[in-house]
Amino acid sequence: MKEFFNALADPSRFFLIFTVAVFAMLKWREFFTAPKVALTIFFGAVVFFVWAIRDPGFKANITKPDNIPIIFMLFLVGFFSWLSLYRAVKNDRRIDRGELPEEAVENPKKVLTWPDLVYSEFLCMLIGTAVLLIWALLLKAPLEEPANPNKTPNPSKAPWYFLGLQEMLVYFDPWLAGVILPGLIVNGLMAIPYVDTNPKGNGYYTFKERPFAITSFFFGFIVLWVSMIILMTFLRGPNQAFFGPFEPWNLHKVEPTVNIQFSQIFWEQWLGTSRPTGWFLRELPGIALVVGYLAITPMLLAKTVCKKMVAQMGNPRYLTMMIMFLIMVAMPIKMVLRWTFNLQFIVNIQELFLNI
Amino acid sequence: MAEENPQSPSSGGPPKPPAPTPAATPAAATPAAAAPAAATAAKPAAKKDDARIAPPQKTYVPRPGLMDQIKDSQIWRSVFRHGYPNTVRNRSLAVLSNVFLHLHPVNVRTSGLRLSFTWCMGGLTFFLFLVEVITGVLLMFYYRPTGEYAYRDIIAMAEHVPMGIMREIHRWSAHAMVITVWLHMFRVFMTGSYKPPREFNWNIGVILLVLTLLLSFTGYLLPWDQLAIWAITVGSNMARATPIAGYEGPLSSLISIDDVNLVHSGDDMRFALLGGRFVGEATLLRFYVLHCIFIPLVATILMAVHFWRIRKDGGISGPL
Chain A
26 MKEFFNALAD PSRFFLIFTV AVFAMLKWRE FFTAPKVALT IFFGAVVFFV WAIRDPGFKA
86 NITKPDNIPI IFMLFLVGFF SWLSLYRAVK NDRRIDRGEL PEEAVENPKK VLTWPDLVYS
146 EFLCMLIGTA VLLIWALLLK APLEEPANPN KTPNPSKAPW YFLGLQEMLV YFDPWLAGVI
206 LPGLIVNGLM AIPYVDTNPK GNGYYTFKER PFAITSFFFG FIVLWVSMII LMTFLRGPNQ
266 AFFGPFEPWN LHKVEPTVNI QFSQIFWEQW LGTSRPTGWF LRELPGIALV VGYLAITPML
326 LAKTVCKKMV AQMGNPRYLT MMIMFLIMVA MPIKMVLRWT FNLQFIVNIQ ELFLNI
Chain B
21 MAEENPQSPS SGGPPKPPAP TPAATPAAAT PAAAAPAAAT AAKPAAKKDD ARIAPPQKTY
81 VPRPGLMDQI KDSQIWRSVF RHGYPNTVRN RSLAVLSNVF LHLHPVNVRT SGLRLSFTWC
141 MGGLTFFLFL VEVITGVLLM FYYRPTGEYA YRDIIAMAEH VPMGIMREIH RWSAHAMVIT
201 VWLHMFRVFM TGSYKPPREF NWNIGVILLV LTLLLSFTGY LLPWDQLAIW AITVGSNMAR
261 ATPIAGYEGP LSSLISIDDV NLVHSGDDMR FALLGGRFVG EATLLRFYVL HCIFIPLVAT
321 ILMAVHFWRI RKDGGISGPL
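So the sequence lines, in the order shown, correspond to chains A and B.
When the first sequence is numbered by our numbering, its final residue is 381 and no position is left out of the sequence of numbers.
When the second sequence is numbered by our numbering, its final residue is 340 and no position is left out of the sequence of numbers.
Among the hints, erroneous ones may be present.
What the hints assert, rightly or not - Heads up, simulated DSBU-like pairs for lysine-lysine below, C-alpha to C-alpha not over 35 Å straight-line: (1) A:Lys115 to B:Lys332; (2) B:Lys91 to A:Lys135; (3) B:Lys91 to A:Lys134; (4) B:Lys332 to A:Lys134.
Unchecked claim - Ranges of calculated distance between the beta carbons of each label pair, as one might list FRET restraints: (5) A:Phe100 to B:Tyr169: 34 to 40 Å; (6) B:Gly184 to A:Glu169: 17 to 23 Å; (7) B:Gly300 to A:Ala155: 37 to 43 Å; (8) A:Leu377 to B:Gly295: 23 to 29 Å; (9) B:Val181 to A:Leu209: 39 to 45 Å; (10) A:Thr88 to B:Ala176: 23 to 29 Å.
Said to hold, decoys possible - Stretch-level coverage of chain B by chain A, calculated; a stretch enters the list once three of its residues show a Cβ under 8 Å from a Cβ in chain A: (11) 109-119; (12) 138-150; (13) 222-236; (14) 254-261; (15) 334-340.
Just so you know, the hints here were simulated from the structure itself, not pulled from any lab data.
Computed from a prediction, not measured in an experiment: that's the story for all the values here.
Glycine is no exception: its CB is placed at the ideal position from the N, C-alpha and C atoms.
So that you can see chain B by itself, here it is in the shape it has in the complex:
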């Protein structure tokens, strides 16, 4: 707008009124708004000059726009303690003064920005975890983890609940999350990002991988259909064969008093996992609690450590 000035015919009229100084406009209270305000103020002044009307002697004060008014309000400024992020200072503040964004450093390596370097798989995993939390909470409103209700509630979720695709989103995100975790580890391995100083964070990552698989595994049972109980049965049958602690495991028969085996199907590893000798209602409740409370809680804590350590270990990896 300011560059239109030379084109407007100003044929030696009376001297132009001085353009309003930025300090005069209320919108310029924040430094970020100063530049646009000055630019808009210049144009009407030129037009009035063109009309050859006696130039008004009072300084032109543009009315602040709605957005400016909002941004100038005490409420807005109580939330965002920096101006519009178009200067280096304000952009840094945008990251530093935001609890979520300050997971990031203010500057990142150029390669850390490149999708062909990071594949964005860690970020997508976290995103999918958030999707799981949100859709999972919505599903919990409708789901009762008992043999009597579980299956019926699953059907009701799809048929009687508005927007009944939450279970679909939840399930596909879960599968996708397993894949993104694998690919994230793949990338971290291929760039050697587990090497010093990031050894510990790689370990946290391995635990998070296990937790992701366990989350998916415990969730697999909850629909309480044939697919669910038999997948969990097959998966948990292995626990029977735990050395010493499983009743079909090696060496467990050595733990006995005379002829009485102390490790049997009623107290072995699999029993502890399932809360019974087979996948039943006790298993359902157990897996529900693990799935909804315990594992997400542990995963959240470890994720906080994981993200924090990324920064402490020098950000997204790059050549030393």
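Just chain A, with the same shape it has in the complex:
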């Protein structure tokens, strides 16, 4: 049983299962948001935790003081995904029947801020205070040995909310994973209101009226951000090697790394010649691939599948949205290439520290 879960949690399988689960949840949301099904999944998760925590290694990893919030976050993200989809499904049914969404029905009646809103805010504050006090009394804030620059702990990890980015370091060079991607995430988030021109779904839960927006957000937030945090926090140990949830952290485990560059595949395997010596010619196929992916794909899509979208949004919006979207999708693509072909870099210009 434990071996089964260890094998299941291998990065490629873990990512695949997570992706499929999220898409299945969105596709068959009517089934998954039914309270009975959701409760079954919730209790399944609880039972798994109770069963798993009897494993000392798993327990040691989960109950690290700084990892506790991640467990909270997991259950909260799960709960609120359910809640938002549940309300969306309810509203979609109403809209299908030609009725107004729930919020539109109840909103014409306004309520007074005092006492109604102030009261519930006060209640939330009280509950928040109680939770914090209990949490603080039960769990001491972590404090390890005094800082020692000469002694590197293994593994050394960034704070937990950045671990998704640290996981990306396995697949991308630091300049991409650590600088460009975070910058693009922030810029992409900021661009959302300007590229999403769909006027529907403003101020109420719905899925059917904006399936693309919600699917993209679930993919970015849950699959790429939350699941990568889990992977990096709980499934990577010393030397950033992968460890199953029930696998003891062996300090000497080093994952064999076979690194193949795209230039090797192109020149040596496909053309059967040796690689050119100058970096420009050597990396030209890789550069062409990357430029083609980011420049030609949007154009091709604009002429074929996304014709309606372009007409609706206009070119600047469409391009911004498409490039952000393609970069987001590039992450899983690179991960899959890494797992299947051991491909390290598509463009590999060591001379300029420019690796993609």
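Chain A is fixed; fit chain B onto it per the hints.
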């Protein structure tokens, strides 16, 4: 109390003395207190009637209670310029005449009140920020951001300071705040609340998200233990790879005069962030100042804008 009157036996005695008019009671100076005062005045009058004692001819004036006296004092009325908030007018005034509450509009949409709609995550984030400010100030009393003292002060906080769980509250609130910010954005996305007219406020929110993460990140270093310096080392190693501005970043080697690279480990992006080539005392002081003064200040200003814009953009979102 007033409805007990019919039950009390009043067998055709002399005509009851007229119930004191509300205007006669001093407590009725404020309209809010008028109704209860009249009700309490009616009962003793009925009892005296029951006792068949010659009805006193003077009007009964109940003594105002302590709370009434307080509320009638000049001090109280200088603070609260409205009566007890049990009328629509006074309830509106309770919100309008209070600098903190007037962040809210007087009326809110029904869905804006529903926890299953708002999840209260924005409110909780603000609450956690306040908790961070209060506990953070308390921690600053005991903490000195130098290599010599930082770690010892952290231990002293837990062992020698009464109520030594402030660091725990501070740390767990910080983690919780990161989560509530994410969930708040999640909710705002799922209800499409970033759509016009709220595009700009969503942007302010994204900056606040970044500031929250930076606050948490800078605070992570302050305990000055192994966990702290290595997490910051790993986190800030990325800055080395900033394109052009980091010495291991792409294209930075192009910025050179002959063979001398102008971007090196002594002047690149990471050096600017850490104040040195590695996480050292200069970093500690730098992160301390950022953590305690600069980022909270910027965040506070942006929060003011964020809250103000919620109102200006039409309150908590609802169907148009």
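Outcome of the hint check:
1. A:Lys115 to B:Lys332: With a Cα-Cα distance of about 30 Å, the restraint between lysine 115 (chain A) and lysine 332 (chain B) holds, given a limit of 35 Å.
2. B:Lys91 to A:Lys135: Distance ~30 Å between lysine 91 (chain B) and lysine 135 (chain A) Cα, so the pair holds.
3. B:Lys91 to A:Lys134: 33 Å, holds
4. B:Lys332 to A:Lys134: 20 Å, holds
5. A:Phe100 to B:Tyr169: 34 to 40 Å: 39 Å, holds
6. B:Gly184 to A:Glu169: 17 to 23 Å: Given a distance of about 18 Å, which is inside 17 to 23 Å, the answer is holds.
7. B:Gly300 to A:Ala155: 37 to 43 Å: With Cβ atoms ~40 Å apart, the hint holds.
8. A:Leu377 to B:Gly295: 23 to 29 Å: Cβ of leucine 377 (chain A) to Cβ of glycine 295 (chain B): about 28 Å, so the range 23 to 29 Å holds.
9. B:Val181 to A:Leu209: 39 to 45 Å: Roughly 44 Å apart at Cβ, these two residues keep to the hinted range, so it holds.
10. A:Thr88 to B:Ala176: 23 to 29 Å: With a Cβ separation near 26 Å, threonine 88 (chain A) and alanine 176 (chain B) satisfy 23 to 29 Å, so the hint holds.
11. 109-119: n = 4 at 8 Å, threshold three: holds.
12. 138-150: holds (count 6)
13. 222-236: holds (count 7)
14. 254-261: Three-residue rule met by the region 254-261 of chain B, so holds; n is 7.
15. 334-340: holds (count 4)
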